[in-house]
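Student: Here's the letter readout for the chains.
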Amino acid sequence: MVELREHEHRTLSAMGRLIGEANVERLMKESGLSDAAVMRAAITLQEKGLVRIHERKETVLKLNAEGKLHARKGLPERRLINALENLGEEASRKSAFEKAGLEKQFIPIALGWAQKKKWTTLDSKADVLQAVMKPEVGIDERLLQVLNEKEKVMAEELDPELQGAVQVLKGRKLLDVEGKTRRVIELTPAGRETLEEGASEAPEVTQLTQELIVGGKWKKVKLQRYNVEAPVAETWPGKKHPYMQFLEEVRDKLVTLGFKEMVGTAVETSFFNFDALYTPQDHPAREASGIYFVKSPKEGSIDVPKKILDNVRQTHENGWKTGSTGWKYKYSTKEAKRLILRGHGTCLSARTLLSKDLQVPGRYFSIVRCYRPEIVDKTHLTEFNQVEGIIIDKDLTLRDLLGVLGKFATEIAGADKVKFRPDYFPFTEPSVELAAYRKGYGWIEFGGSGIFRPEVTMPLGIKEPVIAWGLGIDRLFMMRARIEEIRCIFTQDLDWVRRKAVV
Amino acid sequence: MPTIDIDYAEFERLLGMELHKDLDKINDILAFVKGEAKLFDEKEGTMSVEIKDTNRPDIWNIEGLVRALRGFLGIEEGLKEYAVGKQSAEVHVDQRLENIRPYIGCSIVKNLRLTDSIIRGFMHMQDKLDQTYGRNRRRTSIGLYNLDLIKLPLQYTVTKPSEVSFVPLGFTEKMSLKEILAYHPKGLEYGHIVRKHEVYPILLDAENKPLSFPPVINSNDLGRVTEDTRNILVEVTGTMDEAVLNTLKIVTLSLIDRGGEAYAAKIHYPHRRLDVMTPSFDTGQMDLNVDYTNRVLGVQLKAKQIAQMLRKAGHGTEEIERNRVHVQIPCYRIDVMHPIDLVEDVAIAYDYNNIKPLWREMPTTGRVRPEQGMIDVARELMIGLGFQEVLTYTLTNPENLFKKMNRKKERIVEISNPKVMTLTCLRNWLLPSLIEFVSNNLHVECPQKLFELGKVTLLDEKRETRTRDEDRLAAIIYDANASFTEAKSTLEAFMANLGLEWQIRETEHPSFINGRACKTIVKGAEVGILGEINPKVLETWKLENPTAAFELDIEKIIKIKQKEQ
Numbered sequence: 004m005v006e007l008r009e010h011e012h013r014t015l016s017a018m019g020r021l022i023g024e025a026n027v028e029r030l031m032k033e034s035g036l037s038d039a040a041v042m043r044a045a046i047t048l049q050e051k052g053l054v055r056i057h058e059r060k061e062t063v064l065k066l067n068a069e070g071k072l073h074a075r076k077g078l079p080e081r082r083l084i085n086a087l088e089n090l091g092e093e094a095s096r097k098s099a100f101e102k103a104g105l106e107k108q109f110i111p112i113a114l115g116w117a118q119k120k121k122w123t124t125l126d127s128k129a130d131v132l133q134a135v136m137k138p139e140v141g142i143d144e145r146l147l148q149v150l151n152e153k154e155k156v157m158a159e160e161l162d163p164e165l166q167g168a169v170q171v172l173k174g175r176k177l178l179d180v181e182g183k184t185r186r187v188i189e190l191t192p193a194g195r196e197t198l199e200e201g202a203s204e205a206p207e208v209t210q211l212t213q214e215l216i217v218g219g220k221w222k223k224v225k226l227q228r229y230n231v232e233a234p235v236a237e238t239w240p241g242k243k244h245p246y247m248q249f250l251e252e253v254r255d256k257l258v259t260l261g262f263k264e265m266v267g268t269a270v271e272t273s274f275f276n277f278d279a280l281y282t283p284q285d286h287p288a289r290e291a292s293g294i295y296f297v298k299s300p301k302e303g304s305i306d307v308p309k310k311i312l313d314n315v316r317q318t319h320e321n322g323w324k325t326g327s328t329g330w331k332y333k334y335s336t337k338e339a340k341r342l343i344l345r346g347h348g349t350c351l352s353a354r355t356l357l358s359k360d361l362q363v364p365g366r367y368f369s370i371v372r373c374y375r376p377e378i379v380d381k382t383h384l385t386e387f388n389q390v391e392g393i394i395i396d397k398d399l400t401l402r403d404l405l406g407v408l409g410k411f412a413t414e415i416a417g418a419d420k421v422k423f424r425p426d427y428f429p430f431t432e433p434s435v436e437l438a439a440y441r442k443g444y445g446w447i448e449f450g451g452s453g454i455f456r457p458e459v460t461m462p463l464g465i466k467e468p469v470i471a472w473g474l475g476i477d478r479l480f481m482m483r484a485r486i487e488e489i490r491c492i493f494t495q496d497l498d499w500v501r502r503k504a505v506v
Numbered sequence: 005m006p007t008i009d010i011d012y013a014e015f016e017r018l019l020g021m022e023l024h025k026d027l028d029k030i031n032d033i034l035a036f037v038k039g040e041a042k043l044f045d046e047k048e049g050t051m052s053v054e055i056k057d058t059n060r061p062d063i064w065n066i067e068g069l070v071r072a073l074r075g076f077l078g079i080e081e082g083l084k085e086y087a088v089g090k091q092s093a094e095v096h097v098d099q100r101l102e103n104i105r106p107y108i109g110c111s112i113v114k115n116l117r118l119t120d121s122i123i124r125g126f127m128h129m130q131d132k133l134d135q136t137y138g139r140n141r142r143r144t145s146i147g148l149y150n151l152d153l154i155k156l157p158l159q160y161t162v163t164k165p166s167e168v169s170f171v172p173l174g175f176t177e178k179m180s181l182k183e184i185l186a187y188h189p190k191g192l193e194y195g196h197i198v199r200k201h202e203v204y205p206i207l208l209d210a211e212n213k214p215l216s217f218p219p220v221i222n223s224n225d226l227g228r229v230t231e232d233t234r235n236i237l238v239e240v241t242g243t244m245d246e247a248v249l250n251t252l253k254i255v256t257l258s259l260i261d262r263g264g265e266a267y268a269a270k271i272h273y274p275h276r277r278l279d280v281m282t283p284s285f286d287t288g289q290m291d292l293n294v295d296y297t298n299r300v301l302g303v304q305l306k307a308k309q310i311a312q313m314l315r316k317a318g319h320g321t322e323e324i325e326r327n328r329v330h331v332q333i334p335c336y337r338i339d340v341m342h343p344i345d346l347v348e349d350v351a352i353a354y355d356y357n358n359i360k361p362l363w364r365e366m367p368t369t370g371r372v373r374p375e376q377g378m379i380d381v382a383r384e385l386m387i388g389l390g391f392q393e394v395l396t397y398t399l400t401n402p403e404n405l406f407k408k409m410n411r412k413k414e415r416i417v418e419i420s421n422p423k424v425m426t427l428t429c430l431r432n433w434l435l436p437s438l439i440e441f442v443s444n445n446l447h448v449e450c451p452q453k454l455f456e457l458g459k460v461t462l463l464d465e466k467r468e469t470r471t472r473d474e475d476r477l478a479a480i481i482y483d484a485n486a487s488f489t490e491a492k493s494t495l496e497a498f499m500a501n502l503g504l505e506w507q508i509r510e511t512e513h514p515s516f517i518n519g520r521a522c523k524t525i526v527k528g529a530e531v532g533i534l535g536e537i538n539p540k541v542l543e544t545w546k547l548e549n550p551t552a553a554f555e556l557d558i559e560k561i562i563k564i565k566q567k568e569q
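As they're listed, the protein sequences go chains A and B. My numbering puts the first residue of the first sequence at 4, with every later residue one more than the last. My numbering puts the first residue of the second sequence at 5, with every later residue one more than the last.
Treat the hints with caution; some may be incorrect.
[Stated by the list, open to error] For lysine-lysine, the following DSS-like pairs were computed, each having C-alpha atoms within a straight-line distance of at most 25 Å:
| id | chain 1 | residue 1 | chain 2 | residue 2 |
| --- | --- | --- | --- | --- |
| 1 | A | K337 | B | K200 |
| 2 | B | K492 | A | K243 |
| 3 | B | K213 | A | K310 |
| 4 | B | K466 | B | K492 |
| 5 | B | K42 | A | K381 |
| 6 | A | K97 | A | K119 |
| 7 | A | K331 | B | K492 |
| 8 | B | K466 | A | K309 |
| 9 | A | K60 | A | K76 |
| 10 | B | K360 | A | K410 |
| 11 | B | K413 | B | K466 |
| 12 | A | K340 | B | K459 |
| 13 | A | K359 | A | K397 |
| 14 | A | K71 | A | K32 |
| 15 | A | K422 | B | K42 |
| 16 | A | K173 | A | K121 |
| 17 | B | K200 | A | K301 |
| 18 | A | K243 | B | K25 |
| 19 | B | K200 | A | K298 |
| 20 | A | K333 | B | K412 |
| 21 | A | K121 | A | K176 |
| 22 | A | K422 | B | K29 |
| 23 | B | K459 | B | K360 |
| 24 | B | K466 | A | K340 |
| 25 | A | K442 | B | K527 |
| 26 | B | K213 | B | K178 |
| 27 | A | K397 | B | K565 |
| 28 | A | K301 | B | K459 |
| 29 | B | K459 | A | K256 |
| 30 | A | K298 | B | K423 |
| 31 | A | K331 | B | K412 |
| 32 | A | K331 | B | K56 |
| 33 | B | K466 | A | K298 |
| 34 | B | K25 | A | K422 |
| 35 | A | K420 | B | K213 |
| 36 | B | K56 | B | K132 |
| 37 | B | K546 | B | K412 |
No lab work stands behind these hints: they were computed from the structure. Please read these numbers as outputs of a predicted model, since none were measured by experiment.
Sequences and hints are given; from them, build the entire structure.
Tutor: So, in structure tokens, the structure goes:
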């Protein structure tokens, strides 16, 4: 005996009740199943050879307003011939039309079709219209009547003879014709046999319920086999933002390497962002095109010992005791107090060097948002993250600086090779740029660094050499995440964030 | 950092090397001067070079760039001395310029053979120096003239805006200085430097013919250099004595490198009882200590080796002692302020890649900032609760923070020079960033459950920077079924997992629906707000689904936790 699932059984029984053939709508009604369930059952029944699914073309015919009028009054040519008969089979056109009561727009139609059907002849010179014969009811008239009785008729369900008239009425624009494709399910002989034998309906269930489990009823039912390959709805887990996850990795690495995190505020004084880093007060980076200024309040305070402030001033003006010529201009404390949005994380390093908690030897880092008035494009952001820091110890040399960079390249960028190039920052000398090579990625510029100039460290009271470094973290992330544009980091595209793999 | 465009064929010719446009090779060479070739313009035959050093205006032109490279490449090592011939011009400076643009430097360069490419190079150099070193002509500005059309001596003086007229460069009609400021493109660009003064600077020849209206525009008659020009007068005016002289020096050296002979000009400052001869090509002197050099670089170089490196960098080293090299610094190296600059020159000539990196073990322990631990926990909890983390700018605009949130404007940190009108201030709360994010993702599948852990900036008069930053957490639920209840139950789970008891106090907040907003209280302290977003707010952001959200002051919560422990 064939075993059927619940939905298959219900569909097949419904087929039986519907005498072996039905469309989906009728099956839905009969079986009480949903559209999708009927179709799924029909497909699996077809796989078992019990039904066949046909696609059937249906042509729906419907009389239009003119068609309905003619159905009621008769076709214009029929009305004309009837009038002629009443007038003794011969009459002038005018009297025939009057007798027929033909509306003006139907006169040419009546005349044309009556002659085409050879019901009348016309002697236009003598103006005599003559009936040739008494015509029988034509198939076009029969079809018109059939259509008039029903709102809708399927062309395929008509007598073959009547079907021939469809084109005629359609040509006379009395019909609306609409084509449809319908699925029709038909019982196969095997299906009929199965029905007659009676298939066993295993009580099959879709959803395993608490009731089934607890009551032990699950033993008596059959759990429906699923099409495990069928697609399912997408699920979006909660997860970290890919860039934040990356920064977290970098932070962990730096902590492992012995670096302590520094903190500060987005708004900074020019003193810490520039002056303490030996950037002259008329440097282009301090102009409106290089840094964001705070509208109000315009000035902050510089809470450092007066002596330090004085050292910095003198170093800018004449080099003070640093052995430098200085920048040779008149230093302004007012300019130093100007509030800006920090343009780099190095201001935190300057603050750390002045902190009473500074430890020597010491390693410090920061990951902070920085701001510069750039137009956002493929390679620039106006707000971005910087990862940077300092190392302080007696006798640090350029070799230590290269060592730190090499360590970052291998630990953070996973580099196979490194290359050092001369770089420039107003606050470091010598300055070094790091390029890291990684198989499959090529060379990328990965960081800028240097040893703080004596003009930076001495005025702040630092005697030991200080190495300062910054990592080109955005470029590294772009490489890792395989994104082309830096602005993707702050993307507002939720779909991208959702789809970005975690690893 | 400046980017200069140089004629590539000229570059190879002057350098005396064929590089076949091999970018790697070119960049290996340019590394010596902190330069990087960015692109070739095949049509113009030029190469763009980005120079990272903002303190080396001497190499922002093809002549200076090649001069520096030839040393490092061993083609021409050691000090290159430049001579200036006898005084051939005089300039009388008016006292009334004192508070306007007091300084001028001048040189004469004769017997030049100019080509179109050389002239274009000069124009480019002039532009770069004016923009960068000259601080957009505020500090210095340069003028070149056809000497043969000028009657010496010159008068650097002042005039009333409508008094003097001349045909400015690129024009055919005479214009007064006032008209130049009003109509000429350069007048519109640089007029602001002089407009505030009652009188404007003017440079006249002996017959009162204007050479230029510094720092705005030169005369079209005298200030145009062509391939037929043999003798050039160079003039630099400015507000800073040394910068004027440095600029004049750099420009004159380029002309000398092109085969010209330089002659001096005497500048008379009668009011200061001072005469200055310009240009000056004096060599600088500095001692470099051998131990100091080795201590900075971590190498063991002998005085002779150090001297050899210095000569590659273009310095002179006549006197070499065991522990000291007496260095003659070429006149154009205006960036050398301290022996450390010479140390870097040694390192570059030695090649950084020949110095062995060293990773030094140090007894330091790494540590994240104290707040980070709790921030990480908060992130994990929100993720566990099914929320997607997003990242947004801390820069925004008051409209987003207040008007579109149905709130009155508060005092916040605004930028006086915003670059785009959508980013004009720092946010003082986080929720608008999330709502904006959702508004950009209306087509994306719901429910959208998002959170951000980010900073906000608040004004705080007591602080050095008049502000303080706070760590905040905001979360949002955007969905057909989003509700106050869902947000509340999320927050409840969050608080419970932080081991915090919390209370709710109903509140009114214009961004939230009345009767569906509350303050969240922990240990009597207000730590945030929660509620269902006001449809008025949804409408302005064009959100189409109910939206529930909360925002918490993570730092306050951290402090409460710390007190507990």
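Student: State for each hint whether it applies.
Tutor: Now for the hints, and whether the structure bears them out:
For the proposed pair A:K337 and B:K200, the alpha carbon gap of about 22 Å is at most 25 Å, so the pair holds. About 22 Å separates the Cα atoms of B:K492 and A:K243, which keeps this hinted pair within 25 Å; it holds. Restraint check: the Cα-Cα separation between B:K213 and A:K310 comes to about 54 Å, which exceeds 25 Å; the hinted pair is violated. At most 25 Å may separate the alpha-carbon atoms for a hinted pair to count; B:K466 and B:K492 exceed this at roughly 35 Å.
The hinted pair formed by B:K42 and A:K381 meets the criterion: a straight-line CA distance of about 16 Å does not exceed 25 Å. Pair hint A:K97 plus A:K119 holds up; C-alpha atoms about 20 Å apart against a cutoff of 25 Å. Our distance criterion of 25 Å between C-alpha atoms is broken by A:K331 and B:K492, whose separation comes to about 62 Å. Of the supplied pair hints, the one linking B:K466 and A:K309 holds, its CA atoms being roughly 19 Å apart against a limit of 25 Å.
Between A:K60 and A:K76, the direct Cα distance comes to roughly 33 Å. Violation of the 25 Å bound is thereby established for this hinted pair. Between the alpha carbons of B:K360 and A:K410 the distance comes to roughly 13 Å, so the proposed pair stays at or under 25 Å and holds. At most 25 Å may separate the alpha-carbon atoms for a hinted pair to count; B:K413 and B:K466 meet this at roughly 22 Å. In summary, the hint linking A:K340 to B:K459 is supported, as the alpha carbons are separated by about 24 Å, within the 25 Å threshold.
With a C-alpha separation of about 18 Å, the suggested pairing of A:K359 with A:K397 holds against the 25 Å cut-off. Between A:K71 and A:K32, the direct Cα distance comes to roughly 33 Å. Violation of the 25 Å bound is thereby established for this hinted pair. In summary, the hint linking A:K422 to B:K42 is supported, as the alpha carbons are separated by about 19 Å, within the 25 Å threshold. Distance check on the hinted pair: A:K173 and A:K121 sit about 21 Å apart at the alpha-carbon level, within 25 Å; holds.
Pair hint B:K200 plus A:K301 holds up; C-alpha atoms about 23 Å apart against a cutoff of 25 Å. Restraint check: the Cα-Cα separation between A:K243 and B:K25 comes to about 45 Å, which exceeds 25 Å; the hinted pair is violated. Between B:K200 and A:K298 the CA atoms are separated by roughly 23 Å; this keeps the pair inside 25 Å, and the hint holds. The suggested pairing of A:K333 with B:K412 is violated, with an alpha-carbon distance near 44 Å, which exceeds 25 Å.
Straight-line distance between C-alpha atoms of A:K121 and A:K176 comes to about 21 Å, which keeps the hinted pair within the 25 Å bound. About 14 Å separates the Cα atoms of A:K422 and B:K29, which keeps this hinted pair within 25 Å; it holds. Only pairs whose Cα atoms come within 25 Å are accepted, and B:K459 paired with B:K360 is rejected, the gap being roughly 41 Å. Pair hint B:K466 plus A:K340 holds up; C-alpha atoms about 15 Å apart against a cutoff of 25 Å.
Taking the CA atoms of A:K442 and B:K527, the gap is near 55 Å; set against the 25 Å cutoff, the hint is violated. The hinted pair formed by B:K213 and B:K178 meets the criterion: a straight-line CA distance of about 12 Å does not exceed 25 Å. Between the alpha carbons of A:K397 and B:K565 the distance comes to roughly 39 Å, so the proposed pair goes past 25 Å and is violated. At most 25 Å may separate the alpha-carbon atoms for a hinted pair to count; A:K301 and B:K459 meet this at roughly 22 Å.
Restraint check for B:K459 and A:K256: the C-alpha separation of about 23 Å stays at or below 25 Å, so the hint holds. Of the supplied pair hints, the one linking A:K298 and B:K423 holds, its CA atoms being roughly 14 Å apart against a limit of 25 Å. At most 25 Å may separate the alpha-carbon atoms for a hinted pair to count; A:K331 and B:K412 exceed this at roughly 49 Å. Only pairs whose Cα atoms come within 25 Å are accepted, and A:K331 paired with B:K56 is accepted, the gap being roughly 22 Å.
Of the supplied pair hints, the one linking B:K466 and A:K298 holds, its CA atoms being roughly 18 Å apart against a limit of 25 Å. For the suggested pair B:K25 and A:K422, the alpha carbons sit about 22 Å apart, so the restraint of at most 25 Å is met. Annotation: proposed proximity of A:K420 to B:K213 is violated, straight-line Cα distance about 64 Å (limit 25 Å). Simply put, B:K56 and B:K132 have alpha-carbon atoms about 14 Å apart, close enough for the 25 Å limit, and the pair holds.
Note on B:K546 and B:K412: the hinted pairing holds, with a Cα-Cα distance of about 20 Å set against a maximum of 25 Å.
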